[in-house]
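Protein chains: 2
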Amino acid sequence: MITVAVDCMGGDVGPAATLPACAAFLNSHPQAKLLLVGRPDVLGAYSEVVNNVRCRVVPATEVVAMDDPVEVAMRKKKDSSMRVAIQQVKDGAAQAVVSAGNTGALMAIGRYLLKTLDGIDRPAIASQMPNALGGSTTVLDLGANVDCSAEHLFQFAVMGSALVAALTGREEPTVGLLNVGEEVIKGSEVIKKAGILLRNAANTGDLNFFGNVEGNDIFKGTVEIVVCDGFVGNVALKASEGLATMIGNFIKVEFSRTIFTKIGAIFAYPVLSAFKRRMDYRRYNGAALLGLRGLVFKSHGSADAFAFEQALCRAYDAAHNGLLDKVRQRIAHAAPLLAGEGLSSELKSIPTL
Amino acid sequence: MITVAVDCMGGDVGPAATLPACAAFLNSHPQAKLLLVGRPDVLGAYSEVVNNVRCRVVPATEVVAMDDPVEVAMRKKKDSSMRVAIQQVKDGAAQAVVSAGNTGALMAIGRYLLKTLDGIDRPAIASQMPNALGGSTTVLDLGANVDCSAEHLFQFAVMGSALVAALTGREEPTVGLLNVGEEVIKGSEVIKKAGILLRNAANTGDLNFFGNVEGNDIFKGTVEIVVCDGFVGNVALKASEGLATMIGNFIKVEFSRTIFTKIGAIFAYPVLSAFKRRMDYRRYNGAALLGLRGLVFKSHGSADAFAFEQALCRAYDAAHNGLLDKVRQRIAHAAPLLAGEGLSSELKSIPTL
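Chains as they are written, first to last, in the UniProt record's numbering: chain X, 1 to 353; chain G, 1 to 353.
In isolation and in its complexed conformation, chain X is listed as follows:
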């Protein structure tokens, strides 16, 4: 039995999305329990879910707003649904938590309550993007850290490998380092140094490091995990969302332009619906906050019930497959590489940044 704590109040939509998602999730997961965290008066309106024998309401009087500064979320709203939900994981009452609330606040409260794992300096946000192979590419960091060192990138690679191993069962997923070219001599000093650390880990069998990859490789599916600085990852993710939205709107406008194109849309229906399904970012909803002593999953703030359900499923799978232990073990195994043991002389010759 896996119990997931749900911040029912978070996100742009709130309970109108999270509660129906919980209902659907319970139907498809007979082994799951949910802790529904939020204002009991609000949650009471969704009696069918709230009264489900596998659900329990955990009251929280406050809500972190999407635009609340981190300090407000941390210091002023100590009884927020977000914080109380994370507390459930800390207390061992739940094995994972899902929130669609403000990312900065979630990360800050998660770090504060749960702390980071030994060997991890900074947690990272990992999410999936669809690729041309019909699967998905896991990318991290997507915005938790805007000034990463080579060591941080290395830790992201180890944590990303654990995540993909837990979610897919493939023990040695391939890792690529996002760069401006494939050649090892390319990139910033941080990237070059990270490349050395990663190649070294590949030599000791700690990572299945492919090498440098470029932006287009995310969608080609060249590797299973793409590692990058949070600034770069965030821009790449949002640029891709922007482009996908533009293309989607363009197709919609063009098909409704004339009577002839409207007829075309009817004939093109199977393709358009396959396209819509394939590009449906809701299917990829549910980013993992990796590196904490507890499983925290972030749903997109604008998630509807279907999207939020995907985040619940991902959190469940991660808990079910022992993601936390996997991250812990891999970090413990790879950490000595960062401490200088077994480091190649190549790395030592790079000037300190």
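One thing to keep in mind: the hints can contain errors.
All copies of an identical chain are treated as equivalent in the list; a pair is satisfied when it fits inside any one copy or across any two copies.
[Unchecked claim] Distance condition first, Cα-Cα at most 30 Å in a straight line; then the derived DSSO-like pairs of lysine-lysine:
hint: 1; residue 1: K90; residue 2: K186
hint: 2; residue 1: K78; residue 2: K90
hint: 3; residue 1: K78; residue 2: K186
hint: 4; residue 1: K252; residue 2: K220
hint: 5; residue 1: K77; residue 2: K90
hint: 6; residue 1: K262; residue 2: K220
hint: 7; residue 1: K115; residue 2: K78
Note that these hints are calculated values from the structure, not bench results. All values reported here derive from a predicted model rather than from experimental measurement.
On the provided structure of chain X, position chain G as indicated by the hints.
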């Protein structure tokens, strides 16, 4: 009369793309002349272009290969078509140069022969991406500089404004600073400092600074110019190309899946061809290397004749509209802001990075 020097040998395709492009360009630009730089024996095969009264062949015995290291291109191939073409601009024989060759070599030789403008530390690569408004967003830097300071980003903003003003005639194009959020408190230290410099320049009327923008704003068309570090710009550009390619292939595969979808494709033809035209990255070919004492345009290495022709048109327009003087004037006007004159105390309070 504007003369453009053409590196006819550069790129993956070489003369088979560049020469037909030159022919098409001459047809549509009766006021243009071309200097065709390359091996006379190879160019001789394209007699119609070579014998055009507005063309002159400038011999160069060597060719910079796409994978030549910068040092080889600089030191070993002193009679390369790329170098001889840039030399034409330095000598005043041409007002702009276009090459589809190796970007690193083009930038290095451009800097070596032409030097940078006063007030510019590093040249930047600027290119256009299609946006949802039906126009294009100019993004720089796209990969020339992987470790940018706030001052570099500021210079990119000034140069980008000059470029858009020259190509569109709009004297005060809007500038956005690419960040992980719109709020001024977000982002890396470099970005925050760049934001202060840019707001300051907006206050003195040197720039039409909109504020921070995110990755999706590139395609929304929120601003006319998006400024970023070359690493981030390169990843965003390539990720977008990768996504567009994936979507294009997906649509192709889906429409050819069954007899029914094939019929659908016929009915959807007007939409599909509009989509193809709109997403045709060839139309956006021709990146400007800004900050040099001469106009250098870079075509995509894989450009075909149509794409290369667009780069020629862009170089012609830039020369015709006095881009070089515009960059020079704007930099001269804005440079005192960087020297500390008129700097707000806000900036001085930021610790040196």
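Hints and how they fare:
1. In this homomeric assembly, K90 and K186 come within 30 Å of each other (Cα to Cα) only across copies, at 29 Å, whereas the closest approach inside a single copy is 43 Å.
2. Proximity of K78 and K90 under a CA criterion of 30 Å is satisfied intra-copy only: 15 Å inside one chain copy versus 66 Å between copies.
3. Taking the shortest Cα distances, K78 and K186 sit within 30 Å of each other only across copies (24 Å), while inside one copy they are farther apart (47 Å).
4. Taking the shortest alpha-carbon separations for K252 and K220, both the intra-copy value of 25 Å and the inter-copy value of 16 Å come in at or below 30 Å.
5. For a Cα distance limit of 30 Å, the shortest separation of K77 from K90 inside one copy, 18 Å, qualifies, whereas the shortest one across copies, 64 Å, does not.
6. In the homo-oligomer, the alpha carbons of K262 and K220 lie at most 30 Å apart only across protomers (25 Å), although the nearest pairing inside one protomer, at 32 Å, exceeds that limit.
7. Taking the shortest Cα distances, K115 and K78 sit within 30 Å of each other inside one copy (17 Å), while across copies they are farther apart (59 Å).
Hint compliance for this structure: every hint is met.
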